[in-house]
Amino acid sequence: MIYLQLFLSFFKIGLFGFGGGLAILSLIQHEVLAYGWMSEKEFVDIVAISQVTPGPIGINCATYVGYTATQSVWGSVLATGAMILPSLVIMLVLCKVYLVLSTRFADNVYFQNTLRYLRFAVLGLIAAAALLLITPATFIDHWSIILFGAVFVLTILPQLIHGKRPTTKRALATLSHPILLISLAGIAGYLIYR
Amino acid sequence: MLLQLFWTYLKVGTFTLGGGYAMLPLIQREVVDYRRWIDETEFLNMIALAQAAPGLIAVNSAIFIGYQVGARHVPTGWQDSRWVGLYPLLAVAAAVLGAVLPSFVIILAIAMVFSAYSDMPAIEAVMKGVRPAVVALIAAPLLRMTLKANSPKPFREGGVLLLSWSLVSALLIWLAGVSPVYIIVVTIVLALAVTALGERRRSKQ
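In order, the protein sequences belong to chains D and A. Each residue of the first sequence is one higher than the one before, counting from 112 in our numbering. Each residue of the second sequence is one higher than the one before, counting from 43 in our numbering.
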């Protein structure tokens, strides 16, 4: 039964997952919490691990959720496969169309507008994903808020500095790498809470 | 050819940290510059298609490139065979498997180990520091994405209205527990309807 739910959920996630990894995160989060496959805390841990390991975040998340929900490798296979399946069908149809007509999808006004609208919807999805994770389980004391603020500022800082100082910008871009920031936050967490 | 596709995507999948967008330059170097399977223009078309279709960009690009390469480079042994139409599908399978396998194996190993040790006080202390950082990493790209969603016409042609739709959908998901799936469906219907109305008005003039 749980395998069927897992398949349907991740099929849905694959089918409606527009706009890349972070937007898909929002869909995974909704399904995972709705079925009670894991707590918010566990979900955040998975996102953290997905960010510091190689490969697309969506695949990492699906594999992890599949394993945790069933405690079996087959759960991972099923969740990851179910998420890829809609892409496979839709992309193959698009490839066929592309090969036969060599159409420029990009020039179609319906296509372009839908993409534009979806970009805005994805903003909402990601904002909601972040808001849903601000809970007593993830923000336990003032240190949490300080760490949140520090990582937030370090991530947006390189985007705010424009061209004038390439060296500063490059240094900041290196410092704002998600893997480095997560590692630093982990070290900080160990020092504060051990 | 199948092995080359698998190997290329295995490399790309193993050595990219940070998701699909980080993969694109690597894929370009391997597939366009080194293997010369497709050219620059096709690569750009591929990105447009991979972004437009649902699912992960890395996987979508593997499907596209697997199909193109498979359709063009059918080995001689296959050309007269009845199964010649299947070759592109095998190429797709090889590319997708290569893209997915590294993440899958690494994450599975971590999932097995982490679930056994997550109760350790030291691990829990580390994760207490990591959790708020992860929330910040999800929230921070919103600024850049807002600007990008508004380009090339900043806050015009309904940009402000669309931004309020972003806000409304965030609130609906956050406070009312609406599934993001409905937001996506409504957005697509809305986009098609608004475009159809605009086109009709234009044709009347």
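Hints should not be assumed to be uniformly reliable.
[As the list claims (entries may be wrong)] Pair ranges (Cβ atoms, derived):
| hint | chain 1 | residue 1 | chain 2 | residue 2 | range |
| --- | --- | --- | --- | --- | --- |
| 1 | D | Ala284 | A | Phe57 | 25 to 31 Å |
| 2 | A | Leu68 | D | Thr246 | 42 to 48 Å |
| 3 | D | Ile303 | A | Asp75 | 33 to 39 Å |
| 4 | A | Arg71 | D | Thr278 | 24 to 30 Å |
| 5 | D | Tyr114 | A | Gly127 | 40 to 46 Å |
| 6 | A | Glu199 | D | Ile303 | 23 to 29 Å |
| 7 | D | Thr246 | A | Phe57 | 33 to 39 Å |
| 8 | D | Gln270 | A | Leu213 | 44 to 50 Å |
| 9 | A | Val116 | D | Gln270 | 41 to 47 Å |
Because the hints were derived from the structure by calculation, they are not lab data. A virtual CB, placed ideally from N, CA and C, is assigned to each residue, including glycine.
Now the hints, each set against the structure:
1. At about 19 Å, the beta-carbon gap between Ala284(D) and Phe57(A) misses the expected band of 25 to 31 Å.
2. For the pair Leu68(A) and Thr246(D), the beta carbons lie near 36 Å from each other, so the given range of 42 to 48 Å is not met.
3. Between Ile303(D) and Asp75(A), the C-beta spacing of about 47 Å breaks the proposed range 33 to 39 Å.
4. For the pair Arg71(A) and Thr278(D), the supplied restraint of 24 to 30 Å holds, since their beta-carbon distance comes to about 26 Å.
5. For Tyr114(D) paired with Gly127(A), a C-beta distance near 32 Å fails the hint of 40 to 46 Å.
6. Taken as a hint, the range 23 to 29 Å is violated for the pair Glu199(A) and Ile303(D), whose Cβ atoms sit roughly 48 Å apart.
7. A C-beta distance of roughly 35 Å is found between Thr246(D) and Phe57(A), which places it inside the suggested range of 33 to 39 Å.
8. Between Gln270(D) and Leu213(A) the C-beta distance comes to about 25 Å, which lies outside the given range of 44 to 50 Å.
9. Distance hint for Val116(A) and Gln270(D): a CB-CB separation of about 46 Å, consistent with the stated range 41 to 47 Å.
Going through the hint list in order, the structure does not satisfy hints 1, 2, 3, 5, 6, 8.
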